[in-house]
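Chain residues, written in single-letter form:
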Amino acid sequence: MTQIERHSYDVVVMGAGGAGLRAAIEARLMGKRVAIITKSLLGKAHTVMAEGGAAAAMGNVNSKDNWQVHFRDTMRGGKFLNHYRMAELHAKEAPDRVWELESYGALFDRTPDGKISQRNFGGHEYPRLAHVGDRTGLELIRTLQQKIVSLQQDDEREFGDGEKFIKVFAECAVTEIFTQDGAITGCMGYWRETGEFIAFDTAAVVLATGGIGKAYRVTSNSWEYTGDGHALAMRAGGTLVNMEFLQFHPTGMVWPPSVKGILVTESVRGDGGVLRNSEGKRFMFEYVPDVFRKQYASTEAEGDRWYSDPENNLRPPELLPRDEVARAINTEVKAGRGTPHGGVYLDVSTRLSPEQITKRLPSMYHQFKELADVDITKEPMEVGPTCHYVMGGVEVEPDTCASPYVKGLFAAGEVGGGMHGSNRLGGNSLSDLLVFGRRAGLGAAEYVDSLGGKDVTIADADLELAVNDALAPLSRAGGENPYTIHSELQTVMGDLVGIIRKASEIEEALVTIDKLKQRAKNLTVEGDRVFNPGWHLALDLKNLLLISEAVARAALMREESRGGHTRDDFPGMDPEWRQVNLICRADGDHVEVRKQPLPTIPTELLSLFDIGELKKYMTEAELTALPEESN
Amino acid sequence: MGYKAKFKVYRGDGEKGDLKNYEVDVNEGEVVLDIIHRLQATQTPDLAVRWNCKAGKCGSCSAEINGKPRLMCMTRMSTFSADETITVTPMRAFPVIRDLVTDVSFNYKKAREIPAFSPPKDLKPGDYRMQQIDVERSQEFRKCIECFLCQDTCHVIRDHEENKEAFAGPRFFIRAAELDMHPLDDRDDRKSFAQEEQGIGMCNITKCCTDVCPEHIHITDNAIIPMKERVIDTKYDPLVFLGKTITRRPKETGKL
Chain C
2 MTQIERHSYD
12 VVVMGAGGAG
22 LRAAIEARLM
32 GKRVAIITKS
42 LLGKAHTVMA
52 EGGAAAAMGN
62 VNSKDNWQVH
72 FRDTMRGGKF
82 LNHYRMAELH
92 AKEAPDRVWE
102 LESYGALFDR
112 TPDGKISQRN
122 FGGHEYPRLA
132 HVGDRTGLEL
142 IRTLQQKIVS
152 LQQDDEREFG
162 DGEKFIKVFA
172 ECAVTEIFTQ
182 DGAITGCMGY
192 WRETGEFIAF
202 DTAAVVLATG
212 GIGKAYRVTS
222 NSWEYTGDGH
232 ALAMRAGGTL
242 VNMEFLQFHP
252 TGMVWPPSVK
262 GILVTESVRG
272 DGGVLRNSEG
282 KRFMFEYVPD
292 VFRKQYASTE
302 AEGDRWYSDP
312 ENNLRPPELL
322 PRDEVARAIN
332 TEVKAGRGTP
342 HGGVYLDVST
352 RLSPEQITKR
362 LPSMYHQFKE
372 LADVDITKEP
382 MEVGPTCHYV
392 MGGVEVEPDT
402 CASPYVKGLF
412 AAGEVGGGMH
422 GSNRLGGNSL
432 SDLLVFGRRA
442 GLGAAEYVDS
452 LGGKDVTIAD
462 ADLELAVNDA
472 LAPLSRAGGE
482 NPYTIHSELQ
492 TVMGDLVGII
502 RKASEIEEAL
512 VTIDKLKQRA
522 KNLTVEGDRV
532 FNPGWHLALD
542 LKNLLLISEA
552 VARAALMREE
562 SRGGHTRDDF
572 PGMDPEWRQV
582 NLICRADGDH
592 VEVRKQPLPT
602 IPTELLSLFD
612 IGELKKYMTE
622 AELTALPEES
632 N
Chain R
2 MGYKAKFKVY
12 RGDGEKGDLK
22 NYEVDVNEGE
32 VVLDIIHRLQ
42 ATQTPDLAVR
52 WNCKAGKCGS
62 CSAEINGKPR
72 LMCMTRMSTF
82 SADETITVTP
92 MRAFPVIRDL
102 VTDVSFNYKK
112 AREIPAFSPP
122 KDLKPGDYRM
132 QQIDVERSQE
142 FRKCIECFLC
152 QDTCHVIRDH
162 EENKEAFAGP
172 RFFIRAAELD
182 MHPLDDRDDR
192 KSFAQEEQGI
202 GMCNITKCCT
212 DVCPEHIHIT
222 DNAIIPMKER
232 VIDTKYDPLV
242 FLGKTITRRP
252 KETGKL
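Here the protein sequences come in this chain order: C and R.
All the letters of the first sequence, read from the start, carry residue numbers 2 to 632 under my numbering.
All the letters of the second sequence, read from the start, carry residue numbers 2 to 257 under my numbering.
Keep in mind the hints are simulated off the structure, nothing from the lab.
Check the hints yourself; a few may be wrong.
As a list, the in silico DSSO-like pairs of lysine-lysine whose alpha-carbon atoms are at most 27 angstroms apart [as the list claims (entries may be wrong)]:
(1) R:K144 with C:K360
(2) C:K65 with C:K295
(3) C:K617 with C:K596
(4) C:K65 with C:K93
(5) R:K110 with C:K93
(6) R:K110 with C:K165
(7) R:K122 with C:K261
(8) R:K111 with C:K379
(9) R:K125 with R:K69
(10) R:K5 with C:K370
(11) R:K125 with C:K65
(12) R:K110 with C:K370
(13) C:K168 with R:K69
(14) C:K116 with R:K5
For clarity, every value in this text was computed on a predicted model and none was experimentally measured.
Just chain R, same shape as in the assembly (with noise of 0.2 angstroms):
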């Protein structure tokens, strides 16, 4: 059954560069990242290509397959037809290296403003108990693999260079959520560090990210929308306003 498919690929850099176009050959079975590889090894071997475990584990691969963002290694030949032309961009949210590997350093700042998990003062390691249904809220959200494509997908960012200082992105909310309900985490401040310093407010829940999550991880239902329900009930609830006016507590945020 193999054929050749006609294929667009991105070639240049972030300054310039353009769709080239390509005839590959495609056997039964293939994906996206085996013609990429197939361009490699016979036509273009200076093609610029992130990949490793080639198995959707390692989120590497990311980039936009006609437009959707996707895995190159989990998106199937077979899904298209042998007479469409199939184009591969980079992903558009980060700016390009080359061809279709992109600067993806903005998601490491992010991920290291966030406080890291705050072990528990009167626990020795070898002394965690925690129950398995208490667990899995965050092993949800521990099965990221980093491979972006929600940040990419994120209209607050993909559209909106100027808002990537204030705004964290989904893949960023997930941890912030994940460390929220750990059972053990320490700090009781994750929901206004969401609120303060990851800009979660900007976020209004048109789920693009849980679309392209290709660990089919729910992260507007199960992590977005319970943590800015919970800033609401705690920043907003009149006692709580009331105890902490009184009190004069200082404010917390998740600052380092």
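Excised from the complex, chain C in its bound form (with noise of 0.2 angstroms):
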């Protein structure tokens, strides 16, 4: 077979989001030679994007915070299905990863006495958000970076070669993983600049590709994410747990058409910019469901008061978990009170002043003045809900975030599972990348010295059947257009598995579906390998493919309605469901689901919560099974 340029690496991280680079730093400074492979340039990943904050109890801006109330309200964000142990690793953790990031030069908003600033954001109680203005995503993804060349200097001065330990493989997809025995062996991939393939001979990989946004039309999603970390880890023999959550963030822009889907920062709401349908009304007091009533304001009157005295006032609902928002939007509109462009109105104009607004929210503002021609200084912003985050990924340990069924595989960040439970909060997604990425990094680095320096290659026969798939849209002729598959799963995918879902619509979202699988078989690419477009979108659309059917099936087993999984047929949320994972499993190319218990929570965390919470999410058998004291 063909030469192909071969790399070994102790720890190979796939992605240069927050989540990968943090993990390849952990790996690094645990003495491991770490590759990171990147869709991207180095600095572009999707982590840029998140603008609001990285939520961490540090405290600063209200003493009374701390890890335990943090928990709670990441374990109510995600209706009590998140795994316990990843809500608390988390919530106890993410204040030392925020902290850390000032010793690599980050340089976050401060309070009046020096300390880093934190803001308010839904469904967090106190202002948790560790924040730099509205581009936060942009100051992490950035130290990081930065953080990787400091080593890499490092390196140099100490061993005269600055890729020594940790090198940056740009603009490389990974299209495989391979394994032996149950164990990883490597992966492979391409060079997007030639087209050349290129493999790397490791014993551990760490994903940290982000999410599935790209199966979606309206989304707030780049290209990248077509779900590879999703998709190669079923492949590899690994399980997917929650994927029928997908947070639809309740504010994407809706105009103009072309930039439809683009966020618009919860902070614009943490601020204080208020919602209103198109006959001027406050609609979210509408909405504020049972389990919530007792944290949100009932009156503007008292949701106005909450930003200047959030001691003695309720909180307004327009900062509600973001599940929540979405689907009320989704409702004004479809009752025809939505605005011209299918959206509902967000103002700030009127609470903040025009400085307070481009000093705060300079991103915004820049954004909707650019793009849209809207000054929001001035007027209100049309917007509406955006697919945003998968809360469901890879089947990890919390501690470790390796998968329980394939040796050498971790996970971390947005392709990681079971963090958000149902639903994420705002903010906690900045802070998993850290403290997962840092775990999984660790864990990589733990079981790759569990090996003993044991040698791992690559099967010869497995390197040529995948460079074999991955040529074969570029000789076969009169084939499908990738473009032209991609385009009709995404609206499936938006038309029937979308932010309201139904039996009948999700069976024949899979008959579709089904139908894709089978011309994405015989796909065409026109041109050569260097730097086609064509080809790559035919290569990630395996992938998306994939992950679609896990979302669709997953999707129509859970009769029930919870977080960001909302069933027409099954509007409640059903106590017995939350007893229950749904885990994805790939044979051949088909999507396996089934059944599994969630892990019990111990006593110690329940009693953080009072027995009438409990209530509101469990099964009576659960409840009498409660020790005496938590009751």
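Relying on the hints, combine the two individually framed chains into one complex.
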């Protein structure tokens, strides 16, 4: 077979967003040789799009905040479907991970006493998000990127080779992960620039590939979000959990059409923005669900007072968790109370002065001014739900981020599953990728140590098969156009497995996905291998189709509504279903879903909630089994 | 209000290539990147272009539109008249890989040459205290999305390939300034580094970089000029010169 570029590393990290870079840093600090593979240039990962901040209970703005309160908020946000251990580790470790960034050079906004400032966000009881204006993700990615550079400079000084321990393979995409006897042996991909193949012999792969948003047309996600890590994990024998839960962010731009779906940060609401329908009504007061009634204001006057006196007033319902707000907007628009372009109004100009807006929300000001010709200091924005985040991901052990089924496979960040349950709180993703990025890097390094220096090599036959697979669309004539299939997939997912779902529609979607999968076996790509986007899409499509099927199958099985999964035919939340995780596994190019009991939350964590609240989520049997003290 | 726009797009690699003519549909509210994507989806599936966020936040889709360095995702079609031919070419200061994609590795190389943030030795993480007013100067430079349009437009390298070795470019002058103005950075040689290693002296302050910055960073006024002034302050201050000569302190440079 053709000679291909070959490398050997202790750890290969797929993805150079926050989770991938943090994992690479940790593995390097553990003395491991690390390859970072990224589809884009370094520093362009989707993490830059995160605007609001990183949630960490540092207690800088309200000293009552602590990890227990953060844990509680996270579990509530996820409607108690979160893996408790991940939510616990996340809440405990997030402050250290944020402080650590300062020692890498990050410059967060400050409190008057010089500490890191923290802002309010949906679902968080206290101001908790460390931020830099509304460009926190950029600060995070740049800081981690610069830390990688600084480690490379150290290696240059010490060993005369800056890439001895960490090398970045930019604009390089992985198409296959290889295993032997249930353990990782390496991965293969191609250079986007030349189309030449490249293979890595490695015992440990950290998936940090982000999400799956490109299965939908209206999405805040970039072209990279094609579910690569999700699909590769399944194909390697791993499992996915919670795939039915997708977060539709309530506020995406709805106009002009070309930017439909682009994110409007939740900070707009955190800083005082209100939502109104076309009749001028602040409709969110109508949509406070029972489980949150005690935590949110019931009148506009009280909600307004909260901005200046949070101690003595309840917060406005605009700051409910994202799934609640997205559904409410969806309902308003469907009821004919939407804006001319099919959204609702989000107005921050009535509460903040133009100076405050341009200072606190500079990139939103810029984005609306340049792209929509709207001056948000004077007029409201038009917004509507956009596919933003997948709660589902690779099933992992919380402490090490290791797949329980594939030795040497790790996942962190959005591609990991379990942490956010059925719905993620804003601000919990930047902290998630720091906490679990570090843990995945550590887990991978320890796994490599446990092998005691044993060499791993990809089997030649595996490699040859993968190369032939990848080349097929280039040599085939008269087949399907990948752009057409992608577009049809997006239509199906948006129309039939979108924000509101029902059995008949999901079944219809599964039939269409199956047809698209058949057609995708016969793709044809024009041109050659040099920077050919048509070919790249053809390779990504395989992943998109597999994970779309996983989403649809899990969505069909879960017969209740919870967080990022709303069933028109099962509108209520069902305590029986709270005890169930849905696990997706690939059988050939088919997805199988099975039920698995949720891990039991230990008493000391349950005792952080009062019994009245637990009653809203748990079955009678669970409640009677609770020990006395938590009753 | 849909119409067919006339486009000229560079097709080819670093060795050969030319401008190809296309007619493409344009709808209300679209930006140049939408038109390039429509070309890809309907006429030229192998047209190479970099992009990610489509919202001016990642700095990937840099190109030259009618000769002006711009982000394609932030250039609205409504800024052109319907009968105008719009020319899209790759950034000129960097080698073309294919079509609109250039080899920007020069910038990553320069980034690796700047000594990293040096944390204060006496402070543990969590103990950093800084005032908002003191971090704001550096924060302005950290808004940089690394689109490299400032590098592209800077005539010190745009027309003089031979200067690339000695000249880091505006993007990395603001990185030096950012570290220089960081309230807790432990190094005090950021200015001399900018002069002796980055070639800031070659900049003659034409402000072209500031003009093209999509983040509206005041590259020249807030970073380059202060860095030049301070370099001059210490380098040519007679007392400092005398002090340095008498005590024979070894020359400090930013060398790693």
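Checked hints:
1. With a C-alpha separation of about 13 angstroms, the suggested pairing of K144 of chain R with K360 of chain C holds against the 27 angstroms cut-off.
2. For the suggested pair K65 of chain C and K295 of chain C, the alpha carbons sit about 19 angstroms apart, so the restraint of at most 27 angstroms is met.
3. In summary, the hint linking K617 of chain C to K596 of chain C is supported, as the alpha carbons are separated by about 22 angstroms, within the 27 angstroms threshold.
4. Restraint check for K65 of chain C and K93 of chain C: the C-alpha separation of about 15 angstroms stays at or below 27 angstroms, so the hint holds.
5. Note on K110 of chain R and K93 of chain C: the hinted pairing is violated, with a Cα-Cα distance of about 38 angstroms set against a maximum of 27 angstroms.
6. With a C-alpha separation of about 16 angstroms, the suggested pair K110 of chain R and K165 of chain C falls inside the 27 angstroms cut-off, and the hint holds.
7. For the given pair, K122 of chain R sits about 48 angstroms from K261 of chain C by alpha-carbon distance, which is inconsistent with the 27 angstroms threshold.
8. Between K111 of chain R and K379 of chain C the alpha-carbon distance is near 42 angstroms, which puts this suggested pair outside the 27 angstroms criterion.
9. A hinted pair counts as satisfied when its Cα atoms are at most 27 angstroms apart, and K125 of chain R with K69 of chain R does not qualify at roughly 46 angstroms.
10. A hinted pair counts as satisfied when its Cα atoms are at most 27 angstroms apart, and K5 of chain R with K370 of chain C qualifies at roughly 25 angstroms.
11. For the hint pairing K125 of chain R with K65 of chain C, the CA-to-CA distance comes to about 23 angstroms; that is within 27 angstroms, so the pair holds.
12. For the hint linking K110 of chain R to K370 of chain C, the alpha-carbon distance of about 35 angstroms lies beyond 27 angstroms, and the restraint is violated.
13. Of the supplied pair hints, the one linking K168 of chain C and K69 of chain R is violated, its CA atoms being roughly 34 angstroms apart against a limit of 27 angstroms.
14. In summary, the hint linking K116 of chain C to K5 of chain R is not supported, as the alpha carbons are separated by about 55 angstroms, beyond the 27 angstroms threshold.
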